[in-house]
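Take the given structure of chain A and dock chains B and C to it, following the hints.
First to last, the sequence lines map onto chains A, B and C.
Counting in our numbering, the first sequence runs from 7 upward without gaps.
Counting in our numbering, the second sequence runs from 431 upward without gaps.
Counting in our numbering, the third sequence runs from 919 upward without gaps.
Check the hints yourself; a few may be wrong.
Stated by the list, open to error - Covered stretches of chain A (in silico footprint by chain C; criterion: 3 or more residues with CB under 8 Å from a CB of chain C, positions within the stretch not fixed):
1. 24 to 35
2. 77 to 87
Said to hold, decoys possible - Some but not every residue of chain C turned toward chain B, in silico, with C-beta under 10 Å:
3. H930
4. N937
5. E979
Derived by calculation from the structure, the hints in this document are not laboratory data.
Just so you know, even glycine gets a beta-carbon here, dropped at the ideal spot from N, CA and C.
Each chain, letter by letter, is given below.
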Amino acid sequence: MSRLSWIKTALEVGVVTKKYPFERVEVPDGFRGLPIFDSGKCIGCTACANVCTPDAIKVVNDFTNGFRRIEYRLGKCIFCGRCADVCPVSAITITKEFELAYTGDVINAIEIKFIKCVQCGQYYTVSRHLKHVSSKLNDEALEGVDICPDCRRRSNINSLIHASGVFR
Amino acid sequence: MRSNIILGRGDLEVIEMLNKYLIDKIVGIRNVGDGKLIIDVKPNNLVDVVNVVTDKLGGIFVTIVGNDARSIDNSFHNIYVFSLDSLKTYLLIRVKLDPESPKINSITHIVKGADWGEREVRDLLGINMVNHPDPRRLILPDGWPEGINPLKKEFAHSIRPELNNSECYVPLRSDDVVALPYGPYHPLLHEPEYFELHIKGETVVGVEYRGFHVHRGIEKLGESRLTYNQVPFVAERICGICGFVHNVCYCQAIENAAKIEVPERAHYIRSIILEIERLHSHLLWLGVACHILGFDTGFMHAWRIREPIMNLAEALTGNRKNYGLNLVGGVRRDINKDSSARISKLLKDIKHEYDRFISSLTAVKEVIRRLEGSGLLPKPEAISYGVVGPVARGSALKRDVRVDHPYAAYKDVSFKVPTYSECDNMSRLMVRVDEVYESISIIEQLIDRLPGGSILAENAEVPEYREGFSGIEAPRGEDFHYVLTGRFSKVYRWRVRAPTYNNIPALKVMLHEVPLSDAPLTIASIDPCFSCTDRLLVFDVDKGKKFKVSYKALASGWKP
Amino acid sequence: MNIYKKSIWVFHLNTGGCNSCDIEILDVLTPYHDVERFGIKLVASPRHADALLLTGPVTKEILPKVIDALLAVPEPKLVIAIGSCTTGGGIWYDTYSTIGGLNELYKVLKEEYGVPEPSTVKIPGCPPKPESIIYGIALALGVVQQKVTTTTARVE
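For reference, chain A alone in the conformation it holds in the complex (with noise of 0.2 Å):
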């Protein structure tokens, strides 16, 4: 063995370079890149935004405004690709896309409108949300869904009182 065998093995190996960027470079499955949120699937249920790590997904309910607003911070995300894992409506997508270089900040933002309790008024949860899970639970569980959490503590607290018999 001499020195001369780096020369051997750079000639039998040749040139590795890949072409890229005059070239597209292929990306293997399951390869994690930049999630896509859709906007018509999502639910607001706020799940991905408990498992970020980074917290890159935020959640900022606006009760003036009326409206959850689920924000995804692209500068911040790590790419682990939990917030797909626990989606239940499989409304994140982990696509292939790393050509992701930015200036300024970028911010990809959903708005869900919030709906009206029917007693108070006040704005209490998202529609799609509620939709969602109204279609899993049976038509008992169901009585009162359309009451904020506050209200239907009070009328339960009310129904108690009447049962008990104490201010007949």
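Positioned in the frame of chain A, the structure of chains B and C alone reads:
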């Protein structure tokens, strides 16, 4: 009390020996798994117990875990971790300290490696180390206000106190040496760290190290904002090169604490990815070593061979690094038949390429002459510093967590632990060279025997206030994680001890009397990973005088 | 942004990151990606550099050193922020010993030194693929168009 616990053979031997030597000093004893013992002792007996453990039981110091347990039993805990390699057991010695003014005798005079651990506990928990030789700050940034200890539970992880900018780092050095700054940004360092080489003529006589530039508050973060299944992703980002090791180690510690049965297939997949990571890490190191020697041809070829391994990792896990594969209880992604075939084929190619690379590299006389005989670390010194990984094996110390404390699927495979007795940079290089072959063989065996079944334990529940720990052989040596589970699916205490933590102190020996031109290579020969370690250590060869030096002065050609 | 008519030389500055972005930066210099074919060269001093490759969330300990290095790069300078830690603070965006990424660094730069933001390209990823880094540099040079944009969808 002992009726419902499993005791390994090693445990029984350890208990027998503890009964023999320390029967009157132990207050409590508990077993948290095969080869995992925790004993409680009174604070004033600690020094005696540590003496017995190191002398009679052959304990090698691993780390200190400090814990603010005031909300559990109104005391601070200090846990001293020892590895009893020959008995295949980890022995943890716990002392409970006063909640108001916690203090404990230092054990640094018995165990040299305890220096860092004790100062870390003092910095982060405010526990007073009586008789500790070095009163300086270890972890927190210069100018951090006195009396604020980040790991105390009343400190919220997001508080950012104002720093006092006039305070600066104080190196120790004697008058008759020249101080040569190496860092914080230096072409041969990829991470911001500051070494101050003390030279007489052309010879290095001492070195000072100011780390902690990469201290990101990971342990606190894991204990505050995050839940169990979020911590693996943070653990992975402790280190970008051997991150999967931390990831697995954390998960195994939690699984040990919660007694979760991990499916066999998950164990195998973890081991395969761990070995793939070792392959990439060792090739990376070989390349960097060539680069430091000025032999860039070797660097380019090593990295060329490494690239298909990165692509393989990407195909298996979805990312080239920071794989994000683990959850508590198993793994997220399976290895299918196509992937196994691909791995086998790739390993063959790599073996061929690697053979050619190594035989060409060893034919370059200049490289070999630079490596041989430089950076000596004799075996007795290696034992006293408790070095780990290739550094230990390069000094004829046969230490390997995969053999000493088997985990994941390593009990099912056979492999050699390469050791070399020349104790120089060359033997550390040769250990890594041989380990690449062993890793390839381990992956082949694992792929052949990959069992079927699920990959994630179902309904993994984590109970409150249970403790567990785990050790793993990282490419750089032993990695150790300790966890105490808490309430509301959060970790109460999470302690990480990265391999470089134990190896850096030994640089004092390796760098003594070496020519200056060999110093960068010798520093690189321990394969330092500062983002893992990020601690500060000072070695003063001659007892030094104190100087104040700011980084600004350094930048503008500061002179002593 | 096309102020760099000639080859750009880069200085690599790790501000407390985990290393994975740093090894990917080294990776783009090795045979498979070889950015030296575009004239991009890693230099040993910020004074020789046109662009600064920043990785890491900027820890408190390293902050003054980063600012010094940033100010040492001659004008017109370009900052290429690589990895999620730098672009948005990453996982450590709110911990006690970091300042939380590039935006906070620019705030400090503006408030304490009166220096305006240098032109910046951010490459998210944890770590970004070597190809992403090449794409980011191409974006900085004005060769390609930005693909990702801010969107807001309002639904019922």
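Results for each hint:
1. Requiring three or more residues with a Cβ within less than 8 Å of a Cβ of chain C, the coverage given for the region 24 to 35 of chain A holds, as 4 such residues are present.
2. Requiring three or more residues with a Cβ within less than 8 Å of a Cβ of chain C, the coverage given for the region 77 to 87 of chain A holds, as 8 such residues are present.
3. At about 8 Å, the closest approach between the beta carbon of H930/C and any beta carbon in chain B falls short of 10 Å, and the interface hint on this residue holds.
4. At about 3 Å, the closest approach between the beta carbon of N937/C and any beta carbon in chain B falls short of 10 Å, and the interface hint on this residue holds.
5. At about 4 Å, the closest approach between the beta carbon of E979/C and any beta carbon in chain B falls short of 10 Å, and the interface hint on this residue holds.
Every hint, counting from the list given before, is met by this structure.
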